[in-house]
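Number of protein chains: 4
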Amino acid sequence: MIVILKNNPDQEQLNNLINWLKTMGMEVNISKGTTQTVVGLVGDTSKIDMDLIAALDIVEDVKRVQEPYKKANRKFHPEDTVIKVGDTQIGGGNLTIIAGPCSVESEEQVCTIAKLVKDAGATMLRGGAFKPRTSPYSFQGLGEEGLNLLREAREQTGLPIVTEIMKAEDIDLFDDIDVLQVGARNMQNFDLLKVLGSTDKPILLKRGMMATYQELLMSAEYIMSEGDPNVILCERGIRTFETQTRNTLDVSAVPVLRKLSHLPIILDPSHSGGKRDLVAPLSMASVAAGADGLEIEVHNHPEKALSDGPQAMLPDAFATLVENLHTLHEAMGKMKPIN
Amino acid sequence: MIVILKNNPDQEQLNNLINWLKTMGMEVNISKGTTQTVVGLVGDTSKIDMDLIAALDIVEDVKRVQEPYKKANRKFHPEDTVIKVGDTQIGGGNLTIIAGPCSVESEEQVCTIAKLVKDAGATMLRGGAFKPRTSPYSFQGLGEEGLNLLREAREQTGLPIVTEIMKAEDIDLFDDIDVLQVGARNMQNFDLLKVLGSTDKPILLKRGMMATYQELLMSAEYIMSEGDPNVILCERGIRTFETQTRNTLDVSAVPVLRKLSHLPIILDPSHSGGKRDLVAPLSMASVAAGADGLEIEVHNHPEKALSDGPQAMLPDAFATLVENLHTLHEAMGKMKPIN
Amino acid sequence: MIVILKNNPDQEQLNNLINWLKTMGMEVNISKGTTQTVVGLVGDTSKIDMDLIAALDIVEDVKRVQEPYKKANRKFHPEDTVIKVGDTQIGGGNLTIIAGPCSVESEEQVCTIAKLVKDAGATMLRGGAFKPRTSPYSFQGLGEEGLNLLREAREQTGLPIVTEIMKAEDIDLFDDIDVLQVGARNMQNFDLLKVLGSTDKPILLKRGMMATYQELLMSAEYIMSEGDPNVILCERGIRTFETQTRNTLDVSAVPVLRKLSHLPIILDPSHSGGKRDLVAPLSMASVAAGADGLEIEVHNHPEKALSDGPQAMLPDAFATLVENLHTLHEAMGKMKPIN
Amino acid sequence: MIVILKNNPDQEQLNNLINWLKTMGMEVNISKGTTQTVVGLVGDTSKIDMDLIAALDIVEDVKRVQEPYKKANRKFHPEDTVIKVGDTQIGGGNLTIIAGPCSVESEEQVCTIAKLVKDAGATMLRGGAFKPRTSPYSFQGLGEEGLNLLREAREQTGLPIVTEIMKAEDIDLFDDIDVLQVGARNMQNFDLLKVLGSTDKPILLKRGMMATYQELLMSAEYIMSEGDPNVILCERGIRTFETQTRNTLDVSAVPVLRKLSHLPIILDPSHSGGKRDLVAPLSMASVAAGADGLEIEVHNHPEKALSDGPQAMLPDAFATLVENLHTLHEAMGKMKPIN
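Protein chains in written order, with this note's numbering: chain G, 1 to 339; chain P, 1 to 339; chain E, 1 to 339; chain H, 1 to 339.
Treat each hint with caution, since some may be false.
Any copy, or any two copies together, can satisfy a pair, since identical chains are not distinguished.
No farther apart than 30 Å at their CA atoms in a straight line, the calculated lysine-lysine pairs in the BS3-like style are these [as the list claims (entries may be wrong)]:
{"id": "1", "residue 1": "K22", "residue 2": "K32"}
{"id": "2", "residue 1": "K115", "residue 2": "K194"}
{"id": "3", "residue 1": "K70", "residue 2": "K334"}
{"id": "4", "residue 1": "K22", "residue 2": "K6"}
{"id": "5", "residue 1": "K75", "residue 2": "K275"}
{"id": "6", "residue 1": "K118", "residue 2": "K6"}
{"id": "7", "residue 1": "K6", "residue 2": "K201"}
{"id": "8", "residue 1": "K304", "residue 2": "K22"}
Read the hints as simulated data drawn from the structure, not as lab findings.
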C-alpha cells in the first residue's frame, strides 16, 4: 500500500500515522521528494482500511499494491481448483456444458429438454425455479415446485442440476441441489453470500453487469471466508453502450481471472448476447479463450418460453454446436504453449 | 408497442400473431412497406411480454412505446407524492436534509453527531447499523445494537431515523424505524423489495450504480405493487470512467424523474463524490436542479470513522452548508417559471 | 420510422406533419389509441432527419426502424466484400495476419521485425509513422521518414504495409501505401474520412473506444459515400469499468457486424488487452468468433520500444501463435453449419 | 511514480533499471517486503514513459503519483486564469452566457437570434458554420459563408463569436473569430490541437463523451505546450447507460477541474440533456456547482432548425432563464465560504 501525502504535511500528524502503521505490523518506508512525499507499507495490508488513511488531513491519495482477496488469490493457492459434481467435474481440463431452459415451466418441458441436451452432450442441466425479473408483472418462476421438477429431470437423465437461489432463507429448499447459482444482480447481496459460504455446496457466482474482476473476486472471497472453497466464477456479459446486444461478453475475463485466481471459469453466451444466433460464435470464442465451460439456454419451443425466449437455442442447433465445441476443444489440446 | 417484422414474413405465422394479440385485448394496426412491415399495438401493453414476441421467427425487433410501470408513473398519478415522516415531510416544497454518520459506532458518537446536525438544521438522522461492504474483512456494522443506538439518538433529538435494511428476514427489527433505506447494491434484490412493499413504511430506494431511470422506477413499482405507496427515489452517483471521483452524481435524474414519476427525489452527494470537498458544490447543484432533499454524511472525527471517512463533512462545514442551501432554496422560490 | 405523438395533439399541426411527410415520399399510417397515437412511416427514411420531427411540439418521441446506413448495409449488398491487397486479400475465407511494431523506430528495427513476422506467417506489415499520443511530451512518431522505412521493409519482404494517417493534408504522402489506417480517436474525424473516401485505397477503420456498431458503420458510410468501397472494420477494444485491462475486446462485434454489414472484420488483440500475455487468448477467441484477421504488435526488444512496449509480443511467441491460429482456422473450416 | 516489481526480480535487471532511472534524474527509493518490492521515484516524472518501464520483465505494475500535465496544472499556476474576449471576460467571477443557434442557417436567422439573445443577457454568440454530423447525409453546415453571417451578426450586436473549427487547414478562415471551439469528437485530434496552440486565440475545448478529466487536461496541455495559454474547458455531457437523455451532464467536473487546474470552466446543458426542458434545471445546477458560464442553444423556430432542434430553447424561455441565473449567481455571491 502506497500513501501519497499532501505538500508540507504536518509533522506531528505524520509521526502519528507512522506509529499507528507500525503497531498494525507494517514496515514503513518514506520517500521524501521536493514536491511529494510517499509512504510505502510493506506487510499484510489486507486488513488495513484504505478509507481510514485516506480520511486523514495530510493524505492526498492511497493506492493499493496487493490484492485485497486471499482465499481466491492464485498467489496463495497456485494450483487450479477442480470441483467434483456428481460424476463430472468443473475445471481440470474438462469442458463443462451446462444447458437447459431459462425457466422451468412444466414437467413435460423440463424433462424433454433435459433428455435432448443430455443426448447432445451436455454434462449438467440448468433451469430457473426462482426467477429475478425486472418487472413485478412478469413470470416469477414456479418456486419450490420448479425445484421438484428439476429433481425429476435429474432422476430421468442423471444430469446434475444448476439452479438459482435468490434469498438466504430458502437455503434448506436447496439441500440436494448440485450447484447453487448466484445471479448477476445478487453478486453483492452479501448476506446471501455469507449463508452460501456456510455450506459446502458448489456455488456458481455470476459477475454483476458492471462489476470489475476484483469485485467479483471479493464476492467469491465472501463465500470462501465462511468456509466453502467450491466457487465457480461465471462471466455473463457486461453492460456497455451497445444496444444491438443485450450485454457484451467479456472474453478477456478468462485469461485475466485465470491469472488472478485458481477458481474455474464458466461463460454464459446466452444472457450476454441475448440473441439466439450469437450463442454459437460466442461459445466458440469462450472456449478458444480457455474457458472451463459454458452455460447455454436451450428450449424446444422458444416462442412459448415464459422468459428469455429470444436467446434460447433450438435442440438441433445446440447438438451441432456441442459437436463443434468438442472439435475446437480437441484442437486446443494440440496447440503449442506460448511463453 | 411496435413489432417490426422480418422481410417476407410467413403469412400464417403473422395471422397467428395478430389473432393472439387481439385476444390479449390489443388493437392491431399494420403498416406494410416495400422493405419492411410494422405492426402497431394500441391498448394496455404493460402485461404483454416483449420477449415472447421477440422470440418469434417472423419478428426482427420489438420496441416499447408505453412505460412498463404504472403506479410510479406520473401519467396515472399527476399529483406529486408527499410523504409524512414524524413532524416533517418529504416533498411538497420542503427541503429535506438527512444527515449523520455513515456507520453507527457508539452511543456517544451517534448522539453527539445527531445533536450537532440537528442544531445545524438537519430534518432527519441517518446512520448505518447493517453495512454492505465489498470486503468480508471490513467492519460490517453494529447490527441490532446499532438500531438501538439510533433509537436513543432519536429520543434525545426528536429527529426521525433513516437506516438501511439489507435482508428481508430482518424486517421485524425495523418495526419502529421511520424510513427504511434500500442500498444501491440491493436495488434489484426483488425479494427484499416485495417484503418492504407489504409494509406501509416510507422506503428510501437508492438507484443502482449503473441502473437506468426505468430500472429504478421498476424497482419502485415492485414495492408499490405490493401495496406500499411511500417510495422516495434516491440518486447517489453512477459508475463512469472517471477515477478522480468515487461515482458521478447524475443531476439530470431530478428533472427527468420528476417528469416520469410523482415520487419525491433525494440526492446523496456524499457517496457520489466520495470526497469531503465535493459535498458542498454537489449539494448546491442538486437543490438548484430541483431536488426535494439531500442525504449527507457528517462525522465529528472522520479520521476515526469505521467506514467512508474521506467523504464525511465536519459539523461546522455542514452547518454553513445548510445555511447556504436555505439561501439557495429561498432564491429558487422567487424564480420565474419557464414555459 | 415511428413517430409517437403526445396526448391530444393539435389536429392542425398533425395534418401539417402528415402532409409534409407525404411530400417527402413517405407512406403514412396512423394508429390511434385511447392514450397514445403512433404514426408509422414507410419508404426510404434515410434522408429524413429524426431531429426535425422530434422538435415538433406535438411529438413525444421518434424511433428509427431502418438502419441509417446504406452502402455499408448487408441488406443492400448481400455478398461479402473481399479486398485485394498486393498478392493477398482480406476476407473471403482468408486469415489475414497484420503484424509489426507499434512505432517505426529505425531502419534496422522495422526491417528486422518485418522479416521475423514474415517468416512467422504474417501476411501484412504494420508500423506507426504518425502516432497519436495522449501526452504532447511522448514520442510522436518519425513521420515521413517512418513511411520511407516502411517502404524499405516492404521492399525487403514483399509484405504490404498498413499504417495510420492522422490528417487529411498528409494524403499525398500515403500515395503508395497499401492500407491506410484510421485510429480509434479519429473514427469520427469526418473531414479525414471524406478525404479518404475520395481515394480508392483500402481503409482500415478502427472503432472508437466507446462507439456503437452503428456509429462505426456510419463512419464507414462516410468513406463509402465519397466513392471508396474498400473499408475494413476493426474492433480494437472498448472502454469499460475494468482497470486490469487497457480496454475490453468485444468479440460480439464479429457476428453482429457480419450480420449488419458485408465489410471484412479485423480484430486488434494488442491494444485491447494492453498486455503481452493476453494477446494469444484474445487472438484465439477472435478467430473462433469468425474474424477475417488480426492486427498484432510484435517487437524484438519490447523493453526498448518507444511506445506500447508492454503489449508487444516477442517474435518467437508470435510464431507459435500464428501456428496455433492456423490449426484453429483449419478446425473451424471443418465445423458443421448451425442453423 | 511507483514501480511494483514481480516476486524475486532478477537482480541484474533491477540494477539496470535503477541506474537508468538515476541517469534520468530520479531519486530512487526501494521498499523490500517479504512478498513484494516497490520502487518509488522522486523528481520530475512527467517525461518518463510509464510504458517503457511497464514493458520490463521484472515489473508487475507502474502507478503514476504526479499528474502528467504541467501548464494546465493548478499546482504550478495557483491563480485562476481569466480570459479577455472583446469587452467581456471568461472567469474571474463573471457569469459568461454563450447563446445562439446550433447551426448558422441564414443571415435573417442568425441576426434575429443574435439580437434576441443579446437582449436577454447573453454575453457571447454561438453558431455552427462547420458541423460534425454522424451521418454523411445530414446537413454539414454553411462553411465559410456561415462564418461571414456570424461576422454580420457580431457587427449588428457587438457580441463576440464562438464557433467550431473542424480541421487544421481551415485556420486562416478563423483569423478574426473571437473564440475557436473544438468539438467533443475532436478532443483528441492532436494535429488540430497543435495548430490551435500555435495561435494566441481563446480555445473552447469540449470534453469528449467518454474522456476522463485527465485526458481533457492532457488535450489542454497539447494546446498550451505550443504556446497558447487561453484554454477554456467545457463539459458537455458524458455517455452513460441512460437512454432518456442524450448524454449525462457531469457537474462534478466543475469542483474537480477547479481543483486540478486554473483554467475557466463552461458547461453545455443543451447537448448533454438533448431536450429543451432539461436546459433550465441543468443550467441552474451548473452555476450552483460553481461554473464560470454556460453555452446554450437558442432558436426562434426550433421545429425548422437544420440540426439539434429538440434541444434549442425558445427566446422567451431563454430570457427568463438568464434572469433566474443572475438571481442565483447573486445569491451564490452572498454565501459563506465552507472550510
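Intra- versus inter-subunit Cα pairing at 30 Å for K115 with K194: neither (35 Å within a copy, 36 Å between copies)
First find the shortest C-alpha distance between K75 and K275 inside one copy, then the shortest across copies, and answer within, between, both or neither for a cut-off of 30 Å. Only across copies: K75 and K275 sit 19 Å apart there, 38 Å inside one copy, limit 30 Å.
If the cutoff is 30 Å on CA atoms, where do K22 and K32 land: within, between, both or neither? Let me know, please. Classified as both: same-chain Cα gap 19 Å, cross-chain 16 Å, threshold 30 Å.
Between copies, within a copy, both or neither: which fits K304 and K22 at Cα up to 30 Å? between (65 Å within a copy, 17 Å between copies)
Under a CA distance limit of 30 Å, which applies to K6 and K201: within one copy, between copies, both, or neither? neither (48 Å within a copy, 35 Å between copies)
Up to 30 Å CA-CA - K6 versus K118, copy category: neither (63 Å within a copy, 33 Å between copies)
Since the copies are identical, ignore which copy is meant and state whether K70 and K334 lie within 30 Å (CA to CA) inside a copy, between copies, both or neither. Neither. Shortest intra-copy (34 Å) and inter-copy (44 Å) distances fail the 30 Å Cα cut-off.
How do K22 and K6 come out at 30 Å by Cα distance, when the copy is not named: within, between, both, or neither? Both ways: K22 and K6 sit 21 Å apart in one copy and 24 Å across, limit 30 Å.
When the structure is compared with the earlier hints, violations turn up for hints 2, 3, 6 and 7 and for no others.
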